[in-house]
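Undergrad: Next come the chains, spelled out residue by residue.
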Amino acid sequence: MQPEMQSSELNVSVLLSVGAHPKTARSRRADQDAKALELALSLPKARVAAIHAGDAGDEALRQYLGMGLPALQVLPQPKEADVVPVLVDYLRQHPATLVLTGGKAEQGESSGMLPYLLAQELGWPVVPRVAAVESVGNGKAAVLQALPRGQRRALTVSLPCVLCIDEAAPAPRQSAFALGQRGKIEVLSAAVTTDSERADWTVQPARKRPKRLKVVKAKTAADRFKAATAKASGDGGQVIVPKTVEEGAEAILKMLKEEGVLR
Amino acid sequence: MITSLLSVLIFIALALAVIGAVRRARLWRQGQANPVDIIGGLLKMPRRYLVDLHHVVARDKAMSNTHVATAGGFVASAVLIVLVHLFELDSRILAWALLLTTATMFTGAIFVYRRRIDPPSRLSKGPWMRLPKSLLVFAASFFVLTLPAAGILPEGAGGWLLAVVLTAGIVWGMGEMFFGMTWGGPMKHAFAGALHLAFHRRAERFEDGVGRSTGLKAIDLTAAKLGVEKPADFKWNQLLGFDACVQCGRCEAACPAFAAGQPLNPKKLIQDMVVGLAGGTDVNYAGSPYPGKPIGEHGGNAHSPIVKGLVDAETLWSCTTCRACVEECPMMIEHVDAIVDMRRFLTLEKGATPNKGPEVLENLIATDNPGGFEPGSRMHWAADLSIPVLADVKQTEVLFWVGDGGFDMRNQRTLRSFVKLLKAAKVQFAVLAHEERDSGDVARRLGDEATFQQLAKRNIKTLSQYGFKRIVTCDPHSFHVLKNEYGELGGHYEVLHHTTYLNELVQSGALQVSKHQGGSVTYHDPCYLGRYNGEYEAPRELLRSLGIEVKEMERSGFRSRCCGGGGGAPITDIPGKQRIPDMRMDDARATGAEIVAVGCPQCTAMLEGVVEPRPEIKDIAELLVAALVEVDEPAGQKSTGQKAAVQTAEPVKMAAASKAAAAKTGEPA
Amino acid sequence: MSDIIRRDPRREWILRNRLHPLHASLAAPQDQWMGPNGVLRKNPHAVGFIGPNGIKRIDRSGSQTGDGGSVRRSGAAEVQLPVFRVEQPAFYVVVVPDMVGGRLSSHDKDVLGLAHQLVKQSSAARGEQGAVLAVVFGAHKESAFDTAGVDRLLHLDDSKYTGYAPEQRLNVLTSLERTLEVSQWLLPDSLEGGGDLGRRLAAKLKQRPATQAWALAEGLVTCRAAGQREDWQRPASRILLMANECAEPVSETRHEVKPLLEELARQLELPALISRIEDKGQVAVDPSAVPLGEAEFILSAGNGIRDFALFHDAAKALRATEGASRVAVDNGDMPRFRQVGATGTWVTARVYLAVGISGAVQHLQGIGQCDKVIAINTDAGCDMVKRADLSVIADSTDMLAALIKLVEGYRGAEEGEEDAA
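Chains as they are written, first to last, in this note's numbering: chain U, 1 to 263; chain G, 264 to 932; chain D, 933 to 1353.
Note that these hints are calculated values from the structure, not bench results.
Ideal Cβ placement from N, Cα and C applies to all residues, glycine included.
Below, a list of computed lysine-lysine pairs in the DSS-like style, where the Cα atoms sit at most 30 Å apart:
(1) U:K254 / D:K1304
(2) D:K1073 / D:K1212
(3) D:K1248 / D:K1212
(4) G:K724 / G:K480
(5) D:K1318 / U:K243
(6) U:K243 / D:K1337
(7) D:K988 / D:K974
(8) G:K689 / G:K778
(9) U:K254 / D:K1248
(10) U:K45 / U:K184
(11) U:K45 / G:K488
(12) D:K1248 / G:K619
(13) D:K1138 / U:K79
(14) D:K1318 / G:K683
(15) G:K613 / U:K23
Chain D is nowhere near these chain U residues, computed Cβ spacing over 10 Å in every case:
(16) L41
(17) P76
(18) P78
(19) V86
(20) H94
(21) T97
(22) G137
(23) R182
(24) A190
(25) T193
(26) T194
Given these sequences and hints, build the entire structure.
TA: See the structure below:
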């Protein structure tokens, strides 16, 4: 009885930002945020509130509405604002059991600090890289955390908490154009705190990072010579026509071991 | 006695028919408004029937004659029956005429009967098996009944036994022919079909000359509901069109998805819409089912959702929009329009595009190409070709619309070949380069009208900034969309497919080509070039000018089978028993050709995806480049291409020879 | 080979005596010779040898000319690097390495390299010596903290720090902040825990961190921002979350790796903590359930596979994620979500093992980001073989069977070893 009561009262707030496509920088629903919304919408008996702190006029918000949200609350903020205080205020006034966010924004500093700062201000626990929420009840949420290369770790977190949704979470549902057009964008009033620290930082398009060369710190001339004259790898691979299949298998196994993928 | 009874019976049958007609019309009127010219349409109807419809029916000569005899006989008989037996006009001539028409009808009906003895699988059974018998009974009964009026038999001959038999025959015959016509019997096709011809949604199809209307129709994106959810969301004349279906199954025989075992059968789809229109289930359907889906599990009514009720979503997503069904339909039903209408609802309202669909649409929105490639890399294939960019030159003769094939490594070979040909022909041309966007073809056919309109509007805006005479493209899909679908949004251009344009260049002598070296060639007609735009001849003529005698596949020209790449079918990827391109490749293999000439990047990709060994796939531009005679102008001697050609005699001879050969091979055809 | 240096007095004597008839043959490589037109040519590179700290030494006494090669070369890999000593650290640069698998990852080493640079710079600027303090949680297997640049090590081996315990770990770090003079916090901005812990620390200390920082020069740090599309340059902050390859790892010094625990234990009073996040352990993930795009090792099937049961067995034995070419999918042998390529999934595997795939352009596009590609194919001329780093020209069925046998043998041997250890 008790857990059911609780789950029927599950208030989920999803914080949504406007993303940017990595290739064109065109604004879109942010990938991780969309996954967070998907997760929220697929939680049973959840009352989902979606909040965006930023420009209420951004068309990309309609893509979130197109996922089946009837309405989206917007706390209007200019680009240079620090959105943490206004979100903390909002979450204090509108208590939620779960706050879902993406891991990192696709615009601005992309520091991934927002969920941590919110959790710190609210005094809640925060779990990053959540791939799935398995159950919510009895004051605890059981979640799966994504580890690199598809691995998962089970965690339980006490409620209320902030969960950052990872890339590995289920893909968001398709955004339906008509729902997006009909969904409501409710603009709330909000104070603005300007992020002044950021003002003198310089921003430029990402430079391509040089690929690290295999620098051989040779201790002897012979080593240096070897390093300088070694055949550059990459121009065509090795082709083996094995006499026996075992010979071929050995060669493959050797490379698998070298690459450390044999676990 | 029998005459007075006859009048009553005819009167009752006609009255019931009129009541049925009104009821049927009310069913159609459940659909959305779509203004038509009622009087004009009705006036044009006979011509549309006799010319346009007959043109389709006449592809099957025997069936055409059968229908002319039966239908013609029936219509004339019906009129005469009213005159002779209802109004009892005492005229020998009329009676004799009636005898003649019923006899004609009877003869036709015998052929209908014979066809029904061992009917092909595409024909529906059920009530349709009864129809030839009804036709025979109707014709025979009225023939005998008219004999006294014609003075051949005395009044009352045959006694009461004949009277009873005749009465029964008349009741049966008129029940089928008059009552059944408007109350849902097989004869409904005549009534609904005639009205469908009069009020067809695409009246342009019946215009003189090459009447053609293949572009999808735009929808208002601010409407309360986008796309078709329920049967009642169709336009009323679309519903009328569905009702006209005669269940001949020609569409089924032509449908590539059906042949591949995907869960689509155009005939069943239309019948399901009829079920939806009237309410009920599909248990009474007596034709081939959707492959893998048993009959009797689907049903609905005009105001219940179609998907998951009347049909499953996979059925709608199996369609390649190849238009083979529309091309074959003697009742001029627009299957593709209906399918796209329903897809629009699924995509725009439900967000339920299957498989890779959402990803492709998102890519189109964010990067203007379906693959999600960086827009800046659109012209990487031409990095070393120094093609003029329209943004720099502002004006050009020919705008070369590259299409998304520019991102595909295979298609880049075609594009480079085409550019080489343009240069060899000294054509003044330019590209839009990074200003070009996807034409919107895939988005639209996946039902995403919003993305289509957005892409189209932005393309139209870009195009409006520059001066060019014509657009030439290697992609029939872009070609179709630019030519036929941008008009509704304000973009009117002269658009040519590259084969048409190259043919112009070769015929005018601007391009010199030698004989094709290499294996025998068959040609695969792209749907969007052939059926959609009627261009069957230019690619063939071009191949002839290379000295190639095309080994035609069994399904070619307007009956060409789709490669499986249209309508977003590779994206929605509905599983079937086999793959459409494999079937198409079997068609190609059957000709023994070593090369399949194509004119579409989609076809190239789909056919090249067939596992080897198989014939080689070459775009016509590639074949042409291989045989191109490059005319080197001597240094310091500026001259036109024509003059230079005269100076180098050898290639000209060859070109002339190939032309002569082309003329030879061309004549018998 | 023995590492004991054995002297050969006669040889040394010959080497000293340039007039000895055997001198020329023993004193290789020749450092001077008569040029073709009578000028004496010297090879400056052939003179001298490399000293123990990597600097070239020229010894004109002759005692070492041309010598040492045979002996020293074998010992070259174990050159004793000079020890970087810090007696009384005045301040610390604290690094919390990820210790993936109990060992320093290359990312950790880069961060330690940067920490060492920072210590040197700050020491020079402040006029007092600082040290790199590495905080290691849980058991580890690392033995090379010295060459990685760890001056001080705080190893907390309590079981409460193992697994996912960000709160406990944060508790330690905040105590350190209170008790030590920490000039800078350096954490790898990784998915393995560093990124998480660093952000927690930043939030707790109310310090704005530099995140995804990849270059640090003259007090300015460059951070990847806006979803990898922009570089933001800003003054270096106290908490630096560094990206991969942010600096060269330490390579020229050894470090003391003095444990910090004793000297600190008295001061390091951890406040009581109610844990709100509980680690329930890693969930066993079937390699076949790993999404293709994330998989590290993919075994991919193409048209050349006849025995798919064997293929699935091979994938299981290799613990690889299964992939497929379009043809294998179209033929219905593999499900659609397994398709690799431009029209399927773009994969990022470290090793992509393509069996019986000839390599259509779209497929090769899809595996463009794989590090190593291995091909098993009967056709040596196919495009996949051209792309592959290693190709074995053989029948797929035989090769898969041989591979399964070999891998099972290898696994058995390894497990035996582990049991023995």
